[in-house]
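A.B. asks: Sequence:
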Amino acid sequence: MIWNKQWTLAIIFLCWTTSSYAQEALFDLADRVIDLFSGEIQRSPEKPPLKWVVAPVVAYSPETSWQFGVGGSLLFPSSYDSTRTSIVEFALRYTLNNQILSSPEYTIFSPGERFIHRGELTYRQFPQFYYGIGNNTPAGNEELFSYTTFGVEHLSYRRIIQQLYAGLGFRYRATYNIELIPDGLLDQGDLEGAASYQSVGIDMGLIYDNRNNAMSTTSGTLAEFRQRFHRKAFGSDFNYAVGELDIRHYWQPLAHRNDILAVQLYGYFSYGDTPFIELAALGGDMIMRGYYEGRYRDNHLLAGQAEYRWHIWEKLGVVGFVGVGDVAKHLDGFSVPDLKPSVGAGLRYALIPEENLNIRVDFAVGQSTNNFYINISEAF
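With the first letter of the sequence shown counted as 1, position 255 gets the number 255 in the numbering used here; the numbers rise by one all the way through.
Derived by calculation from the structure, the hints in this document are not laboratory data.
Backbone N, C-alpha and C fix where the C-beta goes; we use that ideal spot for every residue, glycine too.
You may find that some hints are simply not true.
[What the hints assert, rightly or not] Each pair of labels, with its calculated beta carbon distance range:
| no. | residue 1 | residue 2 | range |
| --- | --- | --- | --- |
| 1 | Val54 | Val365 | 18 to 24 Å |
| 2 | Leu50 | Asn177 | 20 to 26 Å |
| 3 | Ile100 | Val318 | 32 to 38 Å |
| 4 | Phe363 | Asn239 | 37 to 43 Å |
| 5 | Asn136 | Gly112 | 20 to 26 Å |
| 6 | Gly235 | Trp310 | 31 to 37 Å |
| 7 | Asn141 | Gln162 | 44 to 50 Å |
[Stated by the list, open to error] Keeping only pairs whose Cα atoms sit at most 20 Å apart, straight-line, the calculated DMTMM-like set for lysine to aspartate or glutamate is:
| no. | residue 1 | residue 2 |
| --- | --- | --- |
| 8 | Lys315 | Asp259 |
| 9 | Lys51 | Glu105 |
| 10 | Lys232 | Asp259 |
| 11 | Lys51 | Asp81 |
| 12 | Lys329 | Glu153 |
| 13 | Lys329 | Asp259 |
| 14 | Lys329 | Glu354 |
| 15 | Lys329 | Glu105 |
| 16 | Lys329 | Glu244 |
| 17 | Lys232 | Glu153 |
| 18 | Lys315 | Glu354 |
| 19 | Lys232 | Glu293 |
| 20 | Lys51 | Glu293 |
| 21 | Lys51 | Glu89 |
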């Protein structure tokens, strides 16, 4: 989800350049502004109130240029101490790259967390750059293509023992209105998914999750593996499979401070006749920040990152992060000399402190590239 960039940058800049008294006044002003776009909905006396945030969207990322629209979050705190806060997020955005983006998503915890339900709806009209397949494609390959996609995903997990869950779900995605540059790289006829298609598949997952907060974690571990199978027998136009591995750990390295050290290992593995849009794509605002999303594409992706989050004062914090990653055609094609670096820093402002929900502003540098991001909630 995205927050208003102009307010955020103004608040952060002024807080760093004024006196302590002025800083307190500016934080109070920021809280008042945020209060205009947030609130609570009372439920029955035995249940805590719902919390909501709805606001205009003014944001920026290298894939979209400037974005304008509306976004929000609805938080469902539980009356059970053993149940984390559920969240529903939504956004509708138009970008200066003539893109339309809508991606409502949800994570719902049942009472006592016997079940976890996760899913999302996706709608995109999305011009995007393509650079070819492989981990060494030149920037001169850049060509624009566009497509429209609509998708639905849902996965329900059931607890097996303690924090270990097994899940089953489905995935549907229709991709159409694909426009390519005549005689360009994508118009050679050797890639799956260069014409309209649909993907239908089943989704299976195994997850260990003892994080204290699903949105902005400060302690705990997440280890998740998901495997999706798309088959013509289900109605899909292609037979292919995609596996995702996501391992994260968070802890406080200094007992006398609230600083957080977070690490992540991520893998994406595709097999079969995978449409090129769904191949592993390096870059974006979540992992391998600094690279345009899809700057490098291939069957498989391996990436890791570490981020240190300093709490500076009141609701303000800063972060520093490093990462490495690459794509490869085969699993034995990864090599240490080819790994691409990602280094950056950012600012944080606590939007809902009791839920650890932050506005984040990041600047990242990669191999011959750099990019700027603003978003709500941490990258991982």
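A.B. asks: None of the hints should be skipped; say for each whether it holds.
C.D. replies: Hints and how they fare:
no. : hint                         : verdict
1   : Val54 to Val365: 18 to 24 Å  : 34 Å, violated
2   : Leu50 to Asn177: 20 to 26 Å  : 38 Å, violated
3   : Ile100 to Val318: 32 to 38 Å : 34 Å, holds
4   : Phe363 to Asn239: 37 to 43 Å : 41 Å, holds
5   : Asn136 to Gly112: 20 to 26 Å : 50 Å, violated
6   : Gly235 to Trp310: 31 to 37 Å : 50 Å, violated
7   : Asn141 to Gln162: 44 to 50 Å : 49 Å, holds
8   : Lys315 to Asp259             : 13 Å, holds
9   : Lys51 to Glu105              : 16 Å, holds
10  : Lys232 to Asp259             : 49 Å, violated
11  : Lys51 to Asp81               : 17 Å, holds
12  : Lys329 to Glu153             : 26 Å, violated
13  : Lys329 to Asp259             : 39 Å, violated
14  : Lys329 to Glu354             : 44 Å, violated
15  : Lys329 to Glu105             : 31 Å, violated
16  : Lys329 to Glu244             : 16 Å, holds
17  : Lys232 to Glu153             : 18 Å, holds
18  : Lys315 to Glu354             : 11 Å, holds
19  : Lys232 to Glu293             : 29 Å, violated
20  : Lys51 to Glu293              : 32 Å, violated
21  : Lys51 to Glu89               : 12 Å, holds
Checked against the numbered hints above, the structure violates hints 1, 2, 5, 6, 10, 12, 13, 14, 15, 19 and 20; every other hint is satisfied.
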